[in-house]
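*Asks:* Spelled out from the first residue to the last, the chains are:
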Amino acid sequence: MSKQRLVIIGNGMAPGRLLEHLFEAAPDAYDVTIFNAEPRVNYDRIMLSPVLSGEKTFEDIIIHGDAWYEEHGITLHRGEKVTGIDRVAREVTGASGITAAYDKLVIATGSSPFIIPVPGHKLPGVLAYRDLDDVDGMLRAASRGGRAVVIGGGLLGLEAAAGLKSRGMDVTVLHLMPTLMERQLDPAAGYLLQKELESRGIEVRCGANTKAILGGSEVEGVELEDGTVIDASLVVMAVGIRPSVDLAREVGLEVGRGIQTDLAMRTSDPDVFSLGECAEVDGRVYGLVAPLYQMAKVAAEHLAGPSEAAFAHAETPTKLKVTGINLYSVGDFGDGPDREDVVLRDAARGSYRRVILRDDRVIGAVLYGDVADGMWYNELLKSGEDVSAMRETLIFGQAHQGGRMDADPLAAVANLSADAEICGCNGVCKGKIVQAITDKGLTSLGEVRAHTKASASCGTCTGLVESVMALTLGETFAKKAEGMCDCTDLGHGEVRRLIKAQGLKSIPAVMQELEWKSSHGCAKCRPALNYYLLSDWPGEYKDDQQSRFINERVHANIQKDGTYSVVPRMWGGMTSSDELRAIADVVDKFAIPDVKVTGGQRIDLLGVKKEDLPAVWADLNAAGLVSGHAYAKGLRTVKTCVGSTWCRFGTQDSTGLGIKLEKFLWGSWTPAKVKLAVTGCPRNCAEATCKDIGVICVDSGYEIVYGGAAGLHIQGTTKLGTVKTEEEVIEIAAAMTQMYREQGFYLERIYKWAERVGYDTIKAAILDDTDSRRAYYERFVFSQQFAQTDPWSERVSGVDKHEFKPLAVFGEEAETPASVEPAE
Amino acid sequence: MNALTRDSNAWHLVGSIDDIPSQGARCVENGETKIAVFRTADDRIFALEDKCPHKNGPLSQGIVHGGCVTCPLHNWVISLETGAATGADEGRTASFPVRLDGRDIYLNLEQGA
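Sequences listed follow chains A and B, in order. If you count the first sequence from 1, you need to add 1056 to reach our numbering. If you count the second sequence from 1, you need to add 4 to reach our numbering.
Same shape as in the complex, but just chain A:
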């Protein structure tokens, strides 16, 4: 395939990052041509301030040197401003007449500094603070000495002021607003900042409105609205930036505040992308580097091929790059009736911090002086977690939150006492883990789990245990990808891939071809392999009962005393007097000790002796009751509310739909259990929003949600989409189940799988791409023909009868047969 032509207008940080991503994802897809109005390679614009102050040189801040452009075969036209784009001929023309044809075009013209149009603004000696040329101009002025007036007390203006001061100039900062950096700092922090700058000899005038810039052939001073005149040999305007959109507007692209793009960074012309400070995405323009880099990643993915990548707004923290001044702000810190402030001031240290809460969640933070906790507050802001439990100590920072490990896990774990509990499931404290590692010379996570049980249950503390190991073992502890068990170094993903790729169709074949280290596997890998083979080769692979956990072998749930519990299926949670009568009779006949209603709207018969199971099932079968698969890595229950049949709020027949779903999906084996719910209205009585797949009926149709969990881990579902008909719901639920069956790791619930492969990926394959959905659906339907057999009736008719009878019985009395069971 011949390469496509990619032309980029602009050579700033955003397009530089875009190319890095693109060369990684699709190294040979494009021939790249760049037009750069600046006569340079790509450099780190946010590091201009250290260049101005003399802490860095230009060479220090180059991102891509000449060699990089050569290596990637990029044609870079330096100092060549683009003057025209022909969108019909797909050709770009530069000021000196250079042309370049494109298949895809990226406009990254950045922004231009805003110059206040006061009299004298065009005088020599009036500079903006935007690129290396401006820095060079300032350095030339600084070498002559005198006073610099910086108009604008924002981030850039203050960095310029500090830089010029360190270059030996007298500096005055003029700021229109009452306090400095009012967009990033609240008045208190702005005040502290002003005091700090003044102590460094920088004059700060807030509420200062510039009337005119004075001078004849060059700048001589600045006159304020109130008549004050300040002498100046240099004026730096740093009052804001404007997206550079002229070129885009001229060629007819849609332009608002910036060049308007969709979330894929595509402009109104699908072959033209825009990113960087010139782009307006979802109504916002950006000037900080983090969102620009995100744009670059999104655009690169779309250039590399079909992609679901989408730009998403996130709060970006602000830091001032002036040596010795530490401030950090993030989020929203305006005042409002629904907000709460927590403030800590330390006048002696000149430190200040303020955390802004709404509904017990962090929405903003301002730190001045000691800013080490900035990252932590930002994490709390991003996660949106409820902080009411640590409300009292929140303001003191992370170090005062015993046992919290959000920002630097190693440091946080190092701070924990030996008594601190690491593994809640098994009650293992830090000291015990450290002692086990030291005394027994443990070096791997598997060994630590075996000896201490730490992280051996739910596994959510695995990261903490690894941190304890890293602290105890130092550099000798290298975390490595663990194989699915001790029998292999291959992980679940590798094994699944190779089963398909090599056409392996039996457990011995997998163990042979993938070089299992044990002769016959173990209790961890055999059930996983049995599932993978069953799922990948429907109708071909014969289920290996001996590789199944006992519950799936005897179709009941083992209890602590070795008895079993039996749960008949009640479709959609519906039952009848006949079924209840049959259940009651079974309970009496077999003296079943306990009868319990489950959370999944079923009835659980607890304490059934193993040898009674076939007879219990025979009686239940006779009443039309079949296995409820309450023991299965498979469809457990579809929980429903009564819906429009009875409920005055019900919008659809949720019960009916639940029954249809359950009748369609039952019997199929899945990586882990699957629970569904259908609720008749958003009041959510059936609790659909914590299920693996949930359906919320609304007037206009059915909202489908998925990826919920309410066990060891609690998680609300993520919305997939809304559809109009029951048929679509069933097709989507089946298709998603099939995708999960094909991709999930054994014991990995849907929410874990979705986190691993990405909710966007699932949505694209199941909701957006109807062909893909149909293909998954059809594979599911195919596999169901081998799965939908009631395991109870099979066993009532004699399958696996060895399971339920003793091999031999010796009576206490000689010559008395101890059993009345018929002979085999």
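No lab work stands behind these hints: they were computed from the structure. By construction, the Cβ of each residue, glycine as well, lies at the ideal position given by its N, Cα and C atoms. It is possible that some hints are incorrect.
[Unchecked claim] Computed from the model, here is a short list of chain A residues facing chain B with C-beta under 10 Å:
no.	residue
1	1543
2	1582
3	1666
4	1859
[Claimed, not checked] 20 Å max Cα-Cα, derived PhoX-like pairs, lysine-lysine:
no.	chain 1	residue 1	chain 2	residue 2
5	A	1616	B	38
6	B	59	A	1509
7	A	1861	B	38
8	A	1729	A	1857
9	B	38	A	1665
10	A	1665	B	59
11	A	1665	A	1857
Fit chain B to the supplied structure of chain A, relying on the hints for placement.
*Replies:* Okay, now just chain B, sitting in the frame of chain A:
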């Protein structure tokens, strides 16, 4: 079903190896005591009291792999040969002498240790 009477100091025929699935187990009931008889993938036979040393889980219901069985209750791995817990766990379940004569399995009920 082999309903038998107890005869002390003797080996008892309890059944055929074909009565036990490969990598599976069946139980022999001796009054109050349950004995699990295991068959491995390479057709070796072992007998242990059907009680995990941890919480008395029924070992006969576990997954048999190599020379071990994993208890269905809490995943302790017990050696079929010795009845001892493997890995970091400590404990031991009683084991019984068992031998194969052709396809026939003989179990000694008295020498549980």
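*Asks:* Next, verify each hint and record whether it holds.
*Replies:* Going through the hints against the structure:
no.	hint	verdict
1	1543	holds, 9 Å
2	1582	holds, 6 Å
3	1666	holds, 8 Å
4	1859	holds, 9 Å
5	A:1616 <-> B:38	holds, 16 Å
6	B:59 <-> A:1509	holds, 16 Å
7	A:1861 <-> B:38	holds, 12 Å
8	A:1729 <-> A:1857	violated, 26 Å
9	B:38 <-> A:1665	holds, 14 Å
10	A:1665 <-> B:59	holds, 18 Å
11	A:1665 <-> A:1857	holds, 15 Å
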